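Enquirer: Going line by line, the protein sequences match chains D and U. Quick note, the first sequence lines up with residues 1 to 423 if you use the working numbering. Quick note, the second sequence lines up with residues 1001 to 1481 if you use the working numbering.
Hint data in this document are derived by calculation from the structure and do not stem from the laboratory. Just so it is clear, the structure is predicted and the values come from calculations on it, not from any experiment. Take these hints with a grain of salt, some might be off.
[As the list claims (entries may be wrong)] Straight line, CA to CA, 30 Å or less: simulated DSBU-like cross-link-like pairs of lysine-lysine: (1) K1012(U) with K64(D); (2) K330(D) with K1124(U); (3) K365(D) with K1124(U); (4) K1316(U) with K1443(U).
[Claimed, not checked] One-sided excerpt, in silico: chain U residues whose CB lies under 7 Å from chain D: (5) T1074; (6) I1101; (7) Q1203.
No residue lacks a Cβ here, since even glycine has one placed at the ideal position from N, Cα and C.
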Amino acid sequence: MSSIVQNPRGGCVLSGISATLGAMKGFCPVFHAGPGCTMQTSAATTAANELGGVMVPCSNMLEKEVVFGGIEKLRTTVAGALEVMDAEIFVILNGCTSGVIGDDVESVANEFREKGEKVYAIDTPGFQGNTELGYEVTWNNLITQVIEKRERNEKLVNLFGLIPGLDKFYRGNLEELSRILRRLGLEVNNFFVDGQGVENVLSSSGAALNIIVHPWLFEGPAKKYEEKFGVPYIRVAGLPIGDTDTTAFVRQVAEALNLDKKLVDEVIADEQDYLYRYLEHGTGILGWKRLAVVGDSNSVIGMTRYLSNDYSLIPKLAIVTEPLFRDSDKERITERLSSLTYCDAPDIHFISDQFDIDGVIRSGKYDDVTLFLGSSNDREAASYLDTMFYEVTFPITSRFIFNKTVAGYRGALSLIEDLFSNL
Amino acid sequence: MAIKYNGVRESKPNRVNDGYGSGKDLAEKFKGGCLKRADRSFSQGLQCQEINGMQAVVSIEDSVLIAHAPQGCTGCVSMMADGYKVGQIHRHVDHVKNPRIFVTNLDQKSVVFGGEQRLRDTVKKAVERYNPKLVFIFTSCASGIIGDDIDAISESLRSEYPDQVIVPIHCEGFKSKVCASGFDATFQAINKYILKGEKADRQENLVNLFAPTTISYRDQQEMERMLGLLGLEVNYVPFYSSYEKIKRIPQAAASTAICKVFADEFMIELEQDYGIPFSHTVMPIGLRNTDKWFMGIAKLVGKEEEAQKIIDAEHKRIEPLVEQIREKLKGKRIFICGGTGRSFAAAALVSDFGMELVGLQTPTYDADAQIDIEYLNERQKDYVVDIANMEPFEQANMLRKLKPDCFLGVPTSAHKLGIPTTHVLDGKRPTLGYDGLIYLGNKMIDQLSNPGFNRNLAAHTKLPYKDSWYEQDAFKFITAN
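If we strip away everything but chain D, and leave its shape as in the complex, we get (with noise of 0.2 Å):
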């Protein structure tokens, strides 16, 4: 399925795998792999977690286990592994190297697992697929290996939908929508921030409801939580940024919760309150502008929608960059970036290849664009028409990003904060 791509964003399915686990506390991604996928998974996504690149245990499968196969190296290093890491529970994850000499890892794990150890493998290799497939595929193995039915906790909601790495705001995101829905009276595991880890993925089956925001990840785990754990979902289709999607996310979670309205409505109201006395000081501080965005669907309908719906700016170009298999998938995009209060919609394009990108954007056909939101590898071409450019979207190398949100009502502030310093 996958095809030839020029500058890609991102990783193979390990990178996926090891970002996910690698972000939760407790967990230890364990390599079987060649030399050198530890250190490319973690740029792939420069997730920056604890458990990443040189830091993660790896059997360096070199030719002598590529010929006689390198369980041998595994199991050694699964025992070194218990020894040296301060980790609760281990998963073995396959390289290219094991998955075409046909390692069986799983069986490794099974040792373990009999000798009270809790190591499961995820038998996945890097060629299987991309980093988004990655995330999917850690929770449908902790769904089935490692997650067990708990009982409801009426007031526990899940979040899910945001890569670590692949969304570099991915902290900062889960922060702020975090916040917002403990202050509907709601418990939040949100898996990669508040020291969330081992417990929360347990506890997760006990949900009252699981929160996608994303518009299209993440629909296999979600229907296995809901056939195996009875936990319904909801699907934010996008990235709420802003009052307007904010707003909406906030009333579709009470919504399918059956929240006591005038608590919701109190809370909407504050924020907003909140949000305005700030907005009302940030008129015109970006002049009146003509955007394009491209990136990751998420950022890309987030971005688009809060700057056109909530601050008056112009959509011209939205180019979704990540492979999109499922024609209903786009569909749902194309419908998000289309349906904005005020504006016709942007020109949207569906695009993973780098040349093919900066094609569109010099096509001639956005020179009127005059405030750019891409990731790093859209500068070159965004450099040759006449607009400020700032990096959202994955690749970022040329920002830092500790706990920045760009999410919710908070987010909504510091995203117009960081476009006025970048004039």
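Once you've looked at the hints, dock chain U against the given chain D.
Expert: Then chain U, alone, in the frame of chain D:
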């Protein structure tokens, strides 16, 4: 042109990539031929040679890079794009370019049925888009194991695309534990497919200066300035170079390199195939190393006298400054971690400052390392050597026990243990040459005098290891092979 060396660094005799011992033990064992190859039964992730192979050519003009691999194998080269872009900004490029990196994106189907057609399609696309002079094709673990014959495919592509030089590079990760093998694989391919053994008219004042991506533009300018003082013109390759500059390599009167592990094997080949002498590389930082580096190249071109004059003048300028730094750093206990070249260069430097070396990590131990170790053994009391390509868990264990005053190298563990940290190189700022010593000394003084950040981090963060690990032998997983 016969290739005598297969490009895999561990294939060289007397080169060891796993092991440990004190400086004195290792030197003695190596001398007696008793330093044997070992292995690790537990290890953390290494860097693969494909990363280094791609890194070597990522910034060459009019080139495209094709990874015949699943998408993941371009992870690191995407990050190198950042270094390449910073380099362009320093060189005042108007429209800062992305490197032209393609991935054939091998998937489940190609693993079963082969990836030849994908590779052909990718080359076609790359040529149609950029009409490049150079097409570099890199293998991966996946393409290597499924057995795609990139040499044969490249050969047939050559007749299809006569305007392109197609350079297949064999750099499957599983072939080597030493990522620097990727440099050799790439240079061997450059020799075979671009230079092709064709001798060129010698230009007497031209020298090849081989430099890796981690060298900043300021450092390039400084090296060029110094060699300029000897009347030499520098062919700076392969970073920010071009097809034309690579083609000029055989015209040079001599070769030298900035980094020990980068081009030494290539320079041996250049001597064998084109009769170009080279100076044995030391990383030119500080007095001793910069003297050696500068005099090395001066000797090759018969300019010793001129060089000595410059060296004397530089010493006169630098030595009083070193003395000032020495006052502040004398007796401080230091741990060093870096690539083979950097580790030893740094160890020599800190000796000049009167610092006490307590530990050193080096990815490789070989005859070259032996020269450095013997030099250090004369100047230092005994110290621990860990022959490791990183292995941060061993480093953390050693640091907890050795409790050095400061740490030099990649600081991902040391900072959380509260140790003041600095790095010997800075790819974005000047670090090399005579002044490099002063930059480094001052950076260490700064960190020693103001260690608050790391001290606070240590109080509030934790490395991902069990507490019990620190009580065990740091080298317990090193096994005889």
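Enquirer: If a hint holds in the structure, say so; if it doesn't, say that too.
Expert: Against the structure, the hints come out as follows:
no.	hint	verdict
1	K1012(U) with K64(D)	17 Å, holds
2	K330(D) with K1124(U)	29 Å, holds
3	K365(D) with K1124(U)	28 Å, holds
4	K1316(U) with K1443(U)	22 Å, holds
5	T1074	6 Å, holds
6	I1101	6 Å, holds
7	Q1203	35 Å, violated
In this structure, the one hint that does not hold is number 7.
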